[in-house]
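> Model the full structure from these sequences, guided by the hints.
These protein sequences, in sequence, are chains A and B. Going by the numbering used here, the final residue of the first sequence carries number 288, and the count climbs one at a time with no gaps. Going by the numbering used here, the final residue of the second sequence carries number 1170, and the count climbs one at a time with no gaps.
Any given hint could turn out to be false.
Straight-line alpha carbon distances no greater than 20 Å define the calculated EDC-like cross-link-like pairs of lysine to aspartate or glutamate that follow [as the list claims (entries may be wrong)]: (1) A:Lys42 with A:Glu7; (2) A:Lys189 with B:Asp1127; (3) A:Lys189 with B:Glu1126; (4) B:Lys1003 with A:Asp27; (5) A:Lys42 with B:Asp1127; (6) B:Lys1004 with A:Glu7; (7) A:Lys189 with B:Asp1044; (8) A:Lys235 with A:Glu285; (9) A:Lys29 with B:Glu1021; (10) A:Lys42 with B:Asp1044.
Listed below are several chain A residues computed to face chain B (Cβ distance under 7 Å; list not exhaustive) [said to hold, decoys possible]: (11) Met1; (12) Pro3; (13) Phe6; (14) Pro39; (15) Pro104.
Keep in mind that the hints were calculated from the coordinates and are not lab data. Beta carbons are placed, not taken as given, at the ideal position from N, Cα and C, and that holds for glycine.
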Amino acid sequence: MIPPPFEYLRPSTIPEAIKLLQQHGDDAKILSGGQSLIPMMKLRIARPAYLVDINRIAGLSYVKEDVGFLKIGGLTREAELEASPLVRSKYLILLDTAHVIADPQVRNLATVAGNLAHGDPANDHPATMLALGAQIVATGARGERVIPIDDFFVTLFTTALQQGEILTEIRIPVPPAHSGGAYFKLERKVGDFATAAVAAQVTLDGSGNVQRAGIGLTNVGPIPIKAKAAEDSLKGKKLETAVIAQAAQLAADASQPSSDLRGPADYKRGLVRELAMRALSRAAERAA
Amino acid sequence: MAKKQLVRVKVNGRDREAEVEPRLLLIHFIREILQLTGSHIGCDTSHCGACTVLLNGKTVKSCTMFAVQADGGEIMTVEGLMKDGQLHPLQEGFKEEHGLQCGFCTPGMLISSYALLQHNAKPSEEDVRWGISGNLCRCTGYQNIVRAVRFAANKMAAAEKKPEMAEVAK
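So this is what it looks like as C-alpha cells:
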C-alpha cells in the first residue's frame, strides 16, 4: 500500500516546527513515531500534503522527576518508558501500560505523546493518564500552555491540541506515599487494540482509607472515559472486596461500548467490571 | 509528485544513497532500490514483522516507516547476519532446530532474535516469546523458533567462554 505523495519537512527546533505547522495549516501533520499515522496514510484515510518530521528535534526524549512531577518528553518512545529505571521502580501502572501496547518493534518507534495526541479511544495511555491525573504541555507560537488530561480528549480522533501546537511534555504529579496503580487489558492477540482495558490509581491515607482514586477506561466509548462515580465511591473507604466490587460496577456503568468484532456491548461491560476489580485489587496491593 | 530527497544510509556496513520520493517506504527502498530482497513484505499493515530490520540498533517494521526518516542511519538486514561465509549462530540454530517451514517470516524472526540476544544473552523461553511477539509465523507454532534462538544463545555463550578458558590455561 502506497501513501499519497507529500512534501517531507524536517525541522531541527521546536520554533521551526511550529512555523512550518502554521504555514501549512490543516494540510500539515506532525510525524513523530508514525505508528498510527503511517498506517492511516497507507490506507489513504489520512492524506496530509506536508509531513513535519519532529524526530530530529533534540532534547525531547526523557523520563525524569522534577519539581513534583514525573515528566515525559514529547519524543519519548514506549520502549524508553519501559526501560526507564524510574518507571520500573515507581510507576508500575505506566510499565503495565507500555508493555501491552502493540509489539516490540512498534514500541521502538511509537511515542507516549503520540499515543495521547492521536486521540484514539482504543489507545492505552489515555486511560492511564486519566487515572494518574496527568497534565499535557502544548507548545505553540505563543509559548507553552498546560491542559489538564480531563479536558484533553474532545471527540473521536480530536484532542484539545490546536493547529500549530506540539505536545512537548506529559506531567504526572509524583504520587504521595501509599500510592499504587495498575493497568489491565484484554487483547485478542499481541498488538491488538483492547477489547477493553481499565487503569486504576489509588492513594491511601495513614489508616488505609482511600484519599484519591483515579479510574480510566480504554476502548469502551467515543473517547477515553474517566469513571468519576466509581472514583468517588472509593473515597474515605478501605479497599475491601465489597467496596472494590461496587466501584467496578460503577465503572462498568460508565462505559459506553459498542458491539463489534471484539465482542458484543454487554460482554464488554462485564469485562470492564472484571478488569476494574483486578486493576483496583492490584493497585491496592501496590499502595500497601 | 513531491520533489525527491537524498537518503544516505549505511546498510550492512556499506554506504548507500539514492534520491527518492518522500512517500517511499523503507521496505521498498531496501528491496527495490538497494536490491536486498531478504526482508519481506508480509501483511503490509505493521502486524506480521516479516519486514523487520535493525535501524540504529533497534528493530523497526520497515513497512511502517519512510525511507527519508532513516536518512543518516545505520541499517542491518538479514543479509548482514552472515560473516566471512559463516552462518550466524541464529541462522545455524534455525537450520538445526527446524525453526522454519515456508521461511517467509524467517528474515524478521532472525532480526528480532538478533536484537533480543544483544540485550539478553541467556533468554528464557518466556523471554524469547516476548522478544519475537511482534513477528508472526503461520507454520511452526513457534516451538522450534524458540528452540532455534536458544540454540544460538548457547552457541554464542560457548564461543565467548573459549577465550576465557584460554586465559585460565595460561
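> Evaluate each hint against the coordinates.
Results of checking the hints against the structure:
no., hint, in the structure
1, A:Lys42 with A:Glu7, "holds (15 Å)"
2, A:Lys189 with B:Asp1127, "holds (17 Å)"
3, A:Lys189 with B:Glu1126, "holds (16 Å)"
4, B:Lys1003 with A:Asp27, "holds (17 Å)"
5, A:Lys42 with B:Asp1127, "violated (32 Å)"
6, B:Lys1004 with A:Glu7, "holds (9 Å)"
7, A:Lys189 with B:Asp1044, "holds (18 Å)"
8, A:Lys235 with A:Glu285, "holds (17 Å)"
9, A:Lys29 with B:Glu1021, "holds (18 Å)"
10, A:Lys42 with B:Asp1044, "holds (9 Å)"
11, Met1, "holds (6 Å)"
12, Pro3, "holds (5 Å)"
13, Phe6, "holds (6 Å)"
14, Pro39, "holds (6 Å)"
15, Pro104, "holds (5 Å)"
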